[in-house]
Amino acid sequence: MFDELKNAARRLSTEHTVRRLRDDCRRLLSERGEGNSVALAREILQRHATLDDAGQAAFFAHLARDYNPDPQAVLAAAQAYAADPGPATLQRLTQAAEPPRQELLRRLNRAPGGTAAIVRMRRALLARLPKDPSLAAVEADLLHLLSSWFNPGFLELRRVDWNSPARLLERLIEHEAVHEIDGWDDLRRRLLPDRRCFAFFHPRLPDEPLIFVEVALLSEMPAAIAPLIDKTVTTPLEPSRFKVAAFYSISNCEPGLRGVSLGNFLIKRVAEALQRELPQLRTFCTLSPIPGLAAWIASGDDFAALPRLAPAAAERARQARRTLERACDGDWSRLQTAAALRALDADATDALKRLTAVYLLHRTPTPQGDPVARFHLDNGARLERLNPLADLSRRGAKQSFAMMVNYLYDLDRVEARHEAFTRGRIAAASAVASLV
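Counting from 3, one number per residue, gives the positions in the sequence shown under the working numbering.
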């Protein structure tokens with residue numbers, strides 16, 4: 003009985019909070035005074051931060067239901083523009099078609115801490131969206147506004163080093179998403195003089211890295227990840243031997259900015275900064291994981307369905323899969339250990355490389371393509387080299403049978419290669435293309 007009363011009281015409290023939020027949001031949209039609107043926006047965001055799960059659901063449902071454009075007003079404005087397509091009618095059409103949600107969010111953003119609060123709001127919305135597709139319009143408005151507010155022109159590129167504030171260094175350890183940072187010794191190695199770490203920051207979130215990239219300065223293009231992140235190394239490479247800048251990890255720190263383009267601009271900005279700092283650098287590349295490879299090989303997908311894969315190449319891919327399948331006796335999980343992968347003979351290794359080339363060159367252009375490959379190739383990189391036994395960690399063996407790939411960034415050609423990728427063409431070195 004007591005629990006029932008407590009739950010009922012909690013429901014009433016949530017309903018009361020949501021009602022006040024609804025009323026205050028309407029007031030905020032009608033406020034004329036700048037001072038009043040800022041204070042009200044702050045109150046709304048503070049109250050929103052206290053909502054439980056049910057309150058969040060009710061608030062998002064309110065945004066989705068009650069802040070849509072008026073269909074009749076949009077129709078009338080569209081007809082007026084069609085009859086007289088001038089600046090005035092276009093402006094009225096634009097105003098009529100914009101969801102009032104966007105203006106509400108812009109006014110909320112005026113409050114101190116408003117930008118961070120709205121990013122957190124979107125994080126909560128993204129978690130709820132798969133269960134409630136009716137919130138898609140709210141998500142579209144949030145993504146639209148955040149993409150504008152976090153335009154790379156507004157972002158500050160900063161180098162992070164061992165002398166950076168401890169809180170910032172902790173954020174790197176917390177958010178490293180590709181190659182886990184195993185404590186402070188590991189982080190110290192990644193910040194020695196032959197390493198670089200750069201992050202984007204926003205003026206409204208000056209102490210919070212949005213996304214960061216880790217770079218190794220090397221004498222040659224890397225073929226394996228372990229030497230790059232070996233925390234027992236305490237003597238850095240001499241600067242005179244720096245010839246290659248290898249991007250080996252890029253991590254987003256803020257889930258609420260998912261889908262906002264940051265990483266592609268980050269890599270290009272960092273490459274330009276490194277070129278200015280170290281003119282002797284000749285090569286900018288990555289050492290990248292292939293997280294979808296192993297699952298795709300094991301799935302038995304029909305090679306003939308892949309775009310632009312010739313019948314003869316599809317048959318070679320089938321033979322390669324059969325070779326690799328024999329090597330693991332039909333149990334693909336046997337290839338998910340470092341010992342088994344090291345034991346593969348030359349034929350099985352060649353088969354794995356062929357299947358990797360097919361996956362990257364012909365699966366990537368599809369919507370189901372490897373996300374890391376799509377990111378770099380859409381960013382204007384070239385598929386340069388495949389590396390067997392490159393990531394023998396548990397994750398690397400499970401996701402890609404330890405395969406990794408180098409993408410090459412030629413800063414003079416990234417735009418042309420990006421345009422080619424949008425038309426379904428992938429830039430690849432002949433050594434990779436010939437494997438298919």
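Read the hints as simulated data drawn from the structure, not as lab findings. Heads up, some of the hints might be wrong.
[What the hints assert, rightly or not] Distance condition first, Cα-Cα at most 25 Å in a straight line; then the derived DMTMM-like pairs of lysine to aspartate or glutamate: (1) K245 / E210; (2) K233 / E222; (3) K355 / E222; (4) K400 / D331.
[Claimed, not checked] Okay, the calculated beta carbon distance ranges per label pair: (5) H420 / K233: 31 to 37 Å; (6) R169 / A90: 19 to 25 Å; (7) R130 / R427: 48 to 54 Å; (8) P313 / E176: 47 to 53 Å; (9) S432 / D333: 33 to 39 Å; (10) L170 / D232: 38 to 44 Å; (11) P89 / E17: 44 to 50 Å; (12) E210 / D331: 29 to 35 Å; (13) A78 / E105: 31 to 37 Å; (14) D232 / R324: 32 to 38 Å; (15) A78 / Q104: 28 to 34 Å; (16) R328 / S432: 25 to 31 Å; (17) D232 / E210: 46 to 52 Å; (18) D232 / D54: 14 to 20 Å.
Backbone N, C-alpha and C fix where the C-beta goes; we use that ideal spot for every residue, glycine too.
* So which of the earlier hints does this model not fit? -> 1, 6, 7, 10, 12, 13, 15, 17, 18
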